[in-house]
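Be aware that the sequence shown starts at 74, since it is given in the numbering used here, and climbs by one per residue.
No lab work stands behind these hints, which were simulated from the structure alone.
Just so it is clear, CB atoms sit at the ideal spot from N, CA and C, and this is done for glycine as well.
Just to be clear, a hint being listed does not mean it is correct.
To be verified - Cut-off 27 Å, straight-line C-alpha distance, at most; resulting in silico cross-link-like pairs (DSSO-like, lysine-lysine): (1) K156 - K389; (2) K300 - K165; (3) K227 - K123.
Stated by the list, open to error - Computed Cβ-Cβ distance ranges for the label pairs, DEER-style: (4) F365 - S231: 56 to 66 Å; (5) F453 - A182: 51 to 61 Å; (6) E424 - D461: 17 to 27 Å.
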Amino acid sequence: MRKAHGPKSNIFPIAAAFVVFVPYVVHGTQKGALDEQKWLGACKLAGEFKKVQNRLVFRLSAPSATAQGYMCQLLWTKIIVEKQQKGSHSKKDIALINYYAEQAQKALAQAQGAPTTKLASALRNSAAAEAAIQEFINMLGQISDGDTHSCLEKTDSSNDLREHSTEFSADAPGCKISTKDLSGSDEQTDHLTRTGANTGLQTPKGSATTSATLRCEFSQGKTSTNKLLDSGSGVTITGTPKFAAGLFVMTGNDIEHTSTADLTTAATTAPLLHAAHAAYLLSQQTAPAFKFKNTEKLAVDTDFQHEFIKTVLNQKDSAPPVEDIAGKIKKAYDQKEDMKRQYNDIFATTEVKNSAGDEPETKNLNSITKIDDLTRLLYFNQQENIKDLRNKIKKLGSSGGGNPNGAGEKICTDITDVTECNNKPYCSYNASTPETDKKCKFNETKATENGVPVTQTQTLGEETASDRCTKHTEKEDCEAENKNVKSGEKSVCGLIEGKCQDSSYPTSIRSWI
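Construct all of the structure, not just a fragment, from the sequences and the given hints.
Okay, structure coming up:
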């Protein structure tokens, strides 16, 4: 009997040892759900990355919007000059127009090539990190039996299970998967820093799970009892599985979180998180934008200073530095409020013809922002000025009493601005002329040098030679106007630059007219 009982008595200690020790060996790993604060911090980070994407879209569209702004400002300025100054551009007008053109070109350069590729790559990286976080948290949220087992802790720090049907919209909107279009707004983030993020995962690397109550086998770690590779006795995972863009890492017997305090050094350990943070840094760079600059701001703008030196001062960039260039700009453009009124505010109060032909017939100039409409409006005003100038030449030529220079003399003496006077191919400004006399006068020598006819008066019939030519669109009709021209005489009309024009005038007078 003793022999019979001997072995039996040994069974109880062994059984007791099995009861006590085997659960520790098998379940010594954490096997808890992902801690509430950790997965909520991950979702908050995903939401921050979404904001970064919106700002990157804004950055991508900013250069073209900036170029549009400068082109509108350029065309508005030219239209005002045509409308109010009869197309007579002063040097300071031209300097400002050239500056706007240069700024538009600079903006367009940022809308293509390397700058665009860099922004698009950053957008991809940010979106990839967001998607990886959302995918992981949503997957764990679905691993729940609705009773005692769950892989996400309920959001009340209760170590209680989270039902798989619970939406993320309310407590974790950053983890709600959405395929809607990005807003493209200039959105600012709240929890991203120059080095990392502070959404709740900035603490040192450590366990990301709760106690084992919720029995989530996924979090047991790489231990030898892990049954992902062996459903029988289990086997140790030798790799290092990472989840949610590297935010969570499977260790020996747990799931740990990566510290987000410094993501600038995580290029090797968490490359996607590192790239998503770099995308944030890129999004923080100042986006180009059109801004009207008054006298004070233009005076210190190096781009405008160069343009002013070339156009207004007639000096080359290679010339010695101009002394007090800012002061010269301020003097040329008057006080900042006057300059703003002349070159910006006036657009809102100037009514122009509606070039689209729609109602109303007139519109405020600054309400027209389509480049093609503004180009048509500019051309319309230029043509109106050309008609007025031709009529004025005919009228003044007639009143000149046969004096071949009568028309030019009258046009010159009506001008009071020195730049406008000297820009005419037949006028010269003499500042030393007494105040009782006209300072701008007809200069026959200058007119001859510029090809302006000083001995030919225009015929005052029903149709001028210029009119006879410009009405034709076909080459044959254009050349037919020369049928009565005698041998050795100059042709009346000719095809010049693809258009039928009056060939009796030199090129300079044609362009002037």
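Looking back at the hints listed earlier, which ones does the structure fail to meet? Of the numbered hints given earlier, those the structure breaks are 1, 2, 5, listed in rising order.
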